[in-house]
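With the sequences and hints as input, model every part of the structure.
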Amino acid sequence: MTDTTCPSCGTVATTGSKFCESCGSALGNDAPAAPVATEALDELSPISAPTRRRPTDPPVATGPRPCLVCQGTVGPDGYCETCGAKAPTERDHFRETPASWVAGVCDRGIVHHRNEDAMALLASDAPGERAVLVVLDGVSNSIDSDVASLAGAKAARESLRTPFPQGMGTPASRSGAITQVFGAAAAAANAAVVQVTDPASTNPASATFAVAVVERSLLAYANIGDSRVYWLPDGGPGVQLTVDDSAAQQQMESGVPREVAESSPQAHAITKWLGRDAPDVTPRTGQLELTTPGWVVACSDGLWNYASEPDALAAQVAAAGTSEPLDLALALVAFANAQGGRDNITAAVARVQPVDSGQNASAPDHQEDPDG
Amino acid sequence: MAEFTASVYQNEFLPDGGTDVNAIVTVTCSGAGTAGQTGGGAAGEIIIVDTSGSMGPETMAAAKQAAQAALAEIVDGTWFAVISGSDHAELVFPPVASGPGMVPMDSSAREAASEAIDRFTGAGGTAMSTWLDLAGTIFTSVPEVTQRHAILLTDGENRERPGALDTAISRATGFFQCDCRGAGTDWVVPELRRISQALLGTVDIIPEPSQMQAQFQEMMRASMARGVADAQLRVWAPQGAQVLFVRQVSPTVEDLTDRRVEVNPLTGGYPTGAWADESRDYHVAVRVAAKAIGQEQLAARVQLAIGADVVAQGLVKATWSGNSELTARIDQQVAHYTGQTELASMIQEGLAAKAAGDERTATTKLGRAVQLAAETGNDEATSKLRKVVEIDDEKEGTVRLKAAVAKADEMALDTASTKTTRIKK
Numbered sequence: 340m341t342d343t344t345c346p347s348c349g350t351v352a353t354t355g356s357k358f359c360e361s362c363g364s365a366l367g368n369d370a371p372a373a374p375v376a377t378e379a380l381d382e383l384s385p386i387s388a389p390t391r392r393r394p395t396d397p398p399v400a401t402g403p404r405p406c407l408v409c410q411g412t413v414g415p416d417g418y419c420e421t422c423g424a425k426a427p428t429e430r431d432h433f434r435e436t437p438a439s440w441v442a443g444v445c446d447r448g449i450v451h452h453r454n455e456d457a458m459a460l461l462a463s464d465a466p467g468e469r470a471v472l473v474v475l476d477g478v479s480n481s482i483d484s485d486v487a488s489l490a491g492a493k494a495a496r497e498s499l500r501t502p503f504p505q506g507m508g509t510p511a512s513r514s515g516a517i518t519q520v521f522g523a524a525a526a527a528a529n530a531a532v533v534q535v536t537d538p539a540s541t542n543p544a545s546a547t548f549a550v551a552v553v554e555r556s557l558l559a560y561a562n563i564g565d566s567r568v569y570w571l572p573d574g575g576p577g578v579q580l581t582v583d584d585s586a587a588q589q590q591m592e593s594g595v596p597r598e599v600a601e602s603s604p605q606a607h608a609i610t611k612w613l614g615r616d617a618p619d620v621t622p623r624t625g626q627l628e629l630t631t632p633g634w635v636v637a638c639s640d641g642l643w644n645y646a647s648e649p650d651a652l653a654a655q656v657a658a659a660g661t662s663e664p665l666d667l668a669l670a671l672v673a674f675a676n677a678q679g680g681r682d683n684i685t686a687a688v689a690r691v692q693p694v695d696s697g698q699n700a701s702a703p704d705h706q707e708d709p710d711g
Numbered sequence: 007m008a009e010f011t012a013s014v015y016q017n018e019f020l021p022d023g024g025t026d027v028n029a030i031v032t033v034t035c036s037g038a039g040t041a042g043q044t045g046g047g048a049a050g051e052i053i054i055v056d057t058s059g060s061m062g063p064e065t066m067a068a069a070k071q072a073a074q075a076a077l078a079e080i081v082d083g084t085w086f087a088v089i090s091g092s093d094h095a096e097l098v099f100p101p102v103a104s105g106p107g108m109v110p111m112d113s114s115a116r117e118a119a120s121e122a123i124d125r126f127t128g129a130g131g132t133a134m135s136t137w138l139d140l141a142g143t144i145f146t147s148v149p150e151v152t153q154r155h156a157i158l159l160t161d162g163e164n165r166e167r168p169g170a171l172d173t174a175i176s177r178a179t180g181f182f183q184c185d186c187r188g189a190g191t192d193w194v195v196p197e198l199r200r201i202s203q204a205l206l207g208t209v210d211i212i213p214e215p216s217q218m219q220a221q222f223q224e225m226m227r228a229s230m231a232r233g234v235a236d237a238q239l240r241v242w243a244p245q246g247a248q249v250l251f252v253r254q255v256s257p258t259v260e261d262l263t264d265r266r267v268e269v270n271p272l273t274g275g276y277p278t279g280a281w282a283d284e285s286r287d288y289h290v291a292v293r294v295a296a297k298a299i300g301q302e303q304l305a306a307r308v309q310l311a312i313g314a315d316v317v318a319q320g321l322v323k324a325t326w327s328g329n330s331e332l333t334a335r336i337d338q339q340v341a342h343y344t345g346q347t348e349l350a351s352m353i354q355e356g357l358a359a360k361a362a363g364d365e366r367t368a369t370t371k372l373g374r375a376v377q378l379a380a381e382t383g384n385d386e387a388t389s390k391l392r393k394v395v396e397i398d399d400e401k402e403g404t405v406r407l408k409a410a411v412a413k414a415d416e417m418a419l420d421t422a423s424t425k426t427t428r429i430k431k
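For the protein sequence lines, the chains are C and D, in the order given. Each residue of the first sequence is one higher than the last, beginning at 340 in my numbering. Each residue of the second sequence is one higher than the last, beginning at 7 in my numbering.
None of these hints come from the bench; they were simulated from the model. Just so you know, even glycine gets a beta-carbon here, dropped at the ideal spot from N, CA and C. A hint or two may mislead.
Unchecked claim - Chain C side only, calculated, beta carbon under 10 angstroms to chain D, not exhaustive: (1) P403; (2) P405; (3) D416; (4) A424; (5) M591.
See the structure below:
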C-alpha cells in the first residue's frame with residue numbers, strides 16, 4: 340500500500356484516507372462516485388428494480404470535472420460548458436492510475452445505456468513490483484449488475500492486497516498456493532455480488548471475472564466467463580492467457596475457427612459466471628514467467644470483440660504508440676468506441692519491464708495450472 | 007419572492023448527419039408581486055396622450071377619461087408623470103420646469119394630475135420622436151426609478167422627417183418599456199408596432215372611444231402586476247454551433263434573434279423586460295455539428311437571468327439515432343409555434359400586399375393564413391380573418407378578398423397577427 344497524493348492540492352495523504360486533509364478533495368482515483376448523486380444525469384438508463392446499494396460506499400464529492408472531449412469544464416447540469424458533450428456519470432466512465440506503470444479505463448461504450456463493466460486496480464509505486472488488475476463484466480440482462488460488478492471487482496482487489504504466499508518453496512507448491520488465493524478472490528467477488536443482489540430478484544446480478552497479478556517477473560491470472568488477460572511482449576508474439584468460459588470457446592475447442600465461433604449468435608453466451616445463481620465460482624488460473632518487456636492487458640469483451648486475436652490487439656497497442664499506461668488504456672477504449680462501442684469497454688494495462696529485459700527474446704512458455 | 011421555472015419541449019433525436027435542433031422553452035414566473043414593491047428599486051409610469059389637432063372632440067373626451075382611469079390603477083408610491091404630445095411634447099404633470107420630472111402617486115397627486123388632464127386641448131401636428139425623448143428625459147430625472155413603463159395613445163400617423171422616429175426608438179430601447187394604442191383608424195399599425203416591439207410592449211387598436219377607458223385600465227393593471235423589473239433570456243450554444251434564431255412565440259411572436267448581446271462568447275442575452283405571474287414560450291433553433299449515432303450532446307442551455315443570477319434553466323439536447331421512428335417525429339409544440347409564426351407573417355404580408363393593390367399575393371397569403379389559423383386552432387385569428395376574406399375552403403386555404411372591408415377590422419387583424427394560442431400540454 341502506498342500513500343496517495345491529493346489531485347487538487349498535492350498534499351500527501353495518509354494511507355486509506357478518503358478525503359484530503361488539506362483541501363477536502365476526494366482522494367483515490369480508484370473510487371468512482373457513488374452512483375446516487377449523478378444518476379439523474381442519465382435519464383436514458385433503464386430504471387432498475389429494487390437496488391441494494393452497499394451503504395459502506397461513501398459518497399464521493401464531485402467538483403467541476405474536466406470534459407473528456409474538449410478539456411472544458413463540465414457544468415452542474417452534467418454537460419460540458421464549452422462543447423456541450425454529455426459528461427458520462429462517474430460510473431459510466433472512470434479511470435484508475437494507481438501507479439505510473441498501471442492504469443485502466445472503464446467506459447459505457449456507445450450503444451449501452453449503462454456501464455455494467457467494472458474494474459479495480461492496485462499497484463506498487465515501484466514499477467514492476469506488484470500490480471493487481473481486476474475486470475468484471477456485469478451481465479446486462481440481469482438486474483443491478485452495474486452495482487454488483489463494481490462491488491465484486493473491489494472485493495477481489497481487496498482480497499489480493501497481500502502478496503502471494505510462497506508455498507513450501509517449490510514451484511509446484513507456490514503455484515498451488517496461488518491457485519488457492521485466486522479461488523478466495525473469486526469467492527470474495529462472488530460474495531460481494533450476491534450481497535448487493537436483492538434476495539427477491541428473479542434475475543439476479545451476474546458478472547464475469549478476470550484478474551491479472553504481476554509480482555516482479557511472475558504474471559498470474561485467473562478468469563471466469565469471457566473477460567480476458569493478454570500478455571503482449573514488445574515485438575510479439577502476443578498471447579491470450581485466459582481461456583473463455585463461453586459457447587464460442589466450446590465451439591472453437593470442437594474445431595470451429597475463431598472468427599466463425601466468435602461471431603455466432605451465441606458466441607457471447609457464457610458458461611460460467613459470478614452471482615447468486617452461479618453453479619461454480621472456481622476460476623481457471625495460470626502463471627507465466629516474464630522475461631521481456633511488454634504489456635499485460637486485462638479487458639472485457641467490449642474491447643476484444645474488435646481485436647480478439649492477440650496480434651490484432653497487439654496491433655492496436657502498437658498503433659497507440661505510447662508508453663503511458665493511461666494513454667494506452669484510453670486509446671484502446673477509443674478504438675473500441677470507434678468500432679461501434681456496442682458493449683461496455685474495460686481496458687486495464689500494466690507496463691512490465693523486467694530487470695533483465697532484452698536478454699531473452701524467445702516467447703516464454705506459460706503453464707496452465709492443472710487445478711484451473 | 008418571484009420564482010421562475012423553465013421546461014423544454016423538443017424531439018431531441020436527430021437522424022444520421024442531422025444538425026438542426028428546435029425546441030420550445032416555456033418560462034414561467036410565479037410570486038412576482040407588485041411593480042416597485044419588491045425591493046429591486048422603484049417603479050415609474052408615464053402616460054403619453056396625443057393632443058394633436060387631429061384628435062376629435064369625442065376621442066379627446068374619451069382619452070382624458072381613459073388617462074384618468076389609468077391614474078386610478080397606479081399603485082400609491084409609484085412614481086408617475088403625464089405627457090401631452092403633438093408636434094412637440096410637454097410635461098403636463100407634475101408641473102415642474104427642472105429637477106425630478108415625476109412624483110410618487112398619492113391621492114392629492116392623482117387629483118392634481120386629473121385636473122391637468124382635464125385641461126388637454128387638441129392642437130398642432132404629430133412628432134412622436136419628441137414624445138419618446140421627453141419620456142426618456144423624465145425617467146432619467148428620477149434615478150431611483152429602475153422599472154420604467156409608459157403608455158402611448160395616438161390617433162394619427164407620425165409626421166416627421168424619415169428616420170426621426172427610429173432614432174428616438176433606439177434611444178429608448180432597453181431604457182423603458184412602452185405599450186401603444188391607436189384610437190380610430192387614421193394611425194398606422196406598422197409604425198406603432200415598431201415602437202411597441204422595440205420597447206417590449208403591446209400594440210392594439212381602440213376602434214371606439216367608449217372602449218378606451220377599459221383598455222387603459224387593463225394596460226396599467228398589467229404593468230403594476232409586473233413585480234420583476236427586468237429579466238434577460240440567455241441562450242448558450244456549444245462552441246462551433248450556430249444559433250439560427252431565438253423567438254418569443256407566446257403570448258405573441260417576437261423575433262429576438264437580432265437583439266442578442268454577448269454575455270460571454272458562447273452565451274447571448276436577449277431582453278424580456280418586466281415579468282408578472284405569467285408564462286412565455288420561446289422557440290430556439292440551434293445548428294450543431296452532427297455526431298455519430300448514439301452520441302448525445304447539449305445543443306443549448308436556455309436560461310432566464312435577473313441581473314447576473316440565472317434563476318431558471320432548460321436544457322435543449324441532441325441525440326443522434328438510427329431509429330427513424332424517433333427522428334422523424336416533429337415535436338407538437340415546435341410544429342404548433344412554427345405554424346403560428348408563419349401565420350403572423352402571412353397576415354402581415356397579406357395585408358401589406360392588399361394595401362399595395364397586389365390582390366393576387368394578398369389572396370394567396372391570407373388564404374395560407376386561414377389554413378394555418380385552422381390548423382393551429384387560433385380561433386381569434388380565424389374570426390378576424392373572416393372579416394377581411396370570404397373563406398371558401400378552410401383546409402385548402404382558398405379565400406376571396408372581401409369587396410368592402412371596414413378599415414378597423416383590417417387593422418384589428420394586423421395588430422392581433424402576432425398573438426398566438428397555446429396548445430394543451
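We went through each hint and held it up to the structure:
1. P403: This interface hint is violated because 16 angstroms lies over the 10 angstroms limit.
2. P405: violated (15 angstroms)
3. D416: holds (6 angstroms)
4. A424: holds (5 angstroms)
5. M591: Cβ of C/M591 sits 31 angstroms from chain D, so the hint is violated.
When held up to the earlier numbered hints, the structure conflicts with 1, 2, 5 and fits the remainder.
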